[in-house]
Amino acid sequence: DAGVIQSPRHEVTEMGQEVTLRCKPISGHDYLFWYRQTMMRGLELLIYFNNNVPIDDSGMPEDRFSAKMPNASFSTLKIQPSEPRDSAVYFCASSLGHLLNEKLFFGSGTQLSVL
Amino acid sequence: EDQVTQSPEALRLQEGESSSLNCSYTVSGLRGLFWYRQDPGKGPEFLFTLYSAGEEKEKERLKATLTKKESFLHITAPKPEDSATYLCAVRGSARQLTFGSGTQLTVLP
Chain A
108 DAGVIQSPRH EVTEMGQEVT LRCKPISGHD YLFWYRQTMM RGLELLIYFN
158 NNVPIDDSGM PEDRFSAKMP NASFSTLKIQ PSEPRDSAVY FCASSLGHLL
208 NEKLFFGSGT QLSVL
Chain B
5 EDQVTQSPEA LRLQEGESSS LNCSYTVSGL RGLFWYRQDP GKGPEFLFTL
55 YSAGEEKEKE RLKATLTKKE SFLHITAPKP EDSATYLCAV RGSARQLTFG
105 SGTQLTVLP
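Protein chains in written order, with this note's numbering: chain A, 108 to 222; chain B, 5 to 113.
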C-alpha cells in the first residue's frame with residue numbers, strides 16, 4: 108500500500124493568494140483528518156470526515172479555510188486568501204474507524220510558506 | 005477539553021544511556037493513549053496504543069506504560085537511529101486524537 112499521499116510537498120505563495128492542498132487516503136479507510144503542525148502549537152486538528160461527510164470542523168481557524176471530500180479517495184484543504192500566519196506543515200491522516208485499536212496513518216505533509 | 009503535556013521538551017542521551025519520556029494527560033473517558041515517532045520532514049508514525057492503567061507494550065528498545073494520569077516511554081540502550089521526536093496523543097469521547105507537543109530525542113554515538 109502506498110500509504111497516505113499528499114501534494115504538493117512544498118508550497119511557497121504570496122499573501123492573498125489561494126492555496127489548495129491535496130490528500131489521497133489509504134484505500135478502504137473511512138476516516139480522514141487534516142492536522143496543522145507548528146513549533147508554537149504542535150499538531151492541531153482542523154477538520155475530519157467520516158465516509159466523505161465533514162463531522163467536526165471546530166478546529167478550522169476561520170472562514171478563510173475550507174475542506175472538501177468529494178469521494179473516498181480524495182480530499183482538499185483550501186486557504187483563500189492566505190496569510191503569513193498560515194505558514195505551517197499540514198498533514199492529512201486516515202484510519203479505519205471500526206477497529207478497536209484504530210490508529211491514524213499520516214502522510215508526509217505539505218510545508219506551506221506564505222510570504 | 006482533552007489535554008496532553010509531554011516532558012522534557014528535548015533530551016540528549018549518549019548511545020546506550022537508558023531514559024524515559026513522560027506524557028501527562030487529562031481526558032474524559034480515555035479510549036486510547038497513542039505514541040508516535042516523527043522523523044524530520046515526515047509525518048508521525050504509529051508506535052503503540054495503550055487502553056487501560058497497568059498496560060504495557062514493547063517494541064525493540066521501546067516500552068510504553070500507562071497509569072491513570074500519565075504514560076511513560078522507556079528507551080533502553082538507545083541507538084543513534086532512535087533519534088526523533090516522540091509524540092503522545094489521547095483519544096477521549098471524540099473521534100480525533102489530541103497530541104502533546106512532543107519530546108525531541110537525540111542519541112549521540
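No wet-lab data here; the hints were simulated from the structure. Hints are supplied without guarantee of correctness; some may be wrong.
As the list claims (entries may be wrong) - In silico DSBU-like cross-links for lysine-lysine, where the CA-CA straight-line distance does not exceed 35 Å:
1. B/Lys83 with B/Lys63
2. A/Lys210 with B/Lys72
3. B/Lys83 with A/Lys185
Now for the hints, and whether the structure bears them out:
Our distance criterion of 35 Å between C-alpha atoms is met by B/Lys83 and B/Lys63, whose separation comes to about 14 Å. With a C-alpha separation of about 21 Å, the suggested pair A/Lys210 and B/Lys72 falls inside the 35 Å cut-off, and the hint holds. Simply put, B/Lys83 and A/Lys185 have alpha-carbon atoms about 41 Å apart, too far for the 35 Å limit, and the pair is violated.
Checked against the numbered hints given earlier, the structure breaks only hint 3 and satisfies all the rest.
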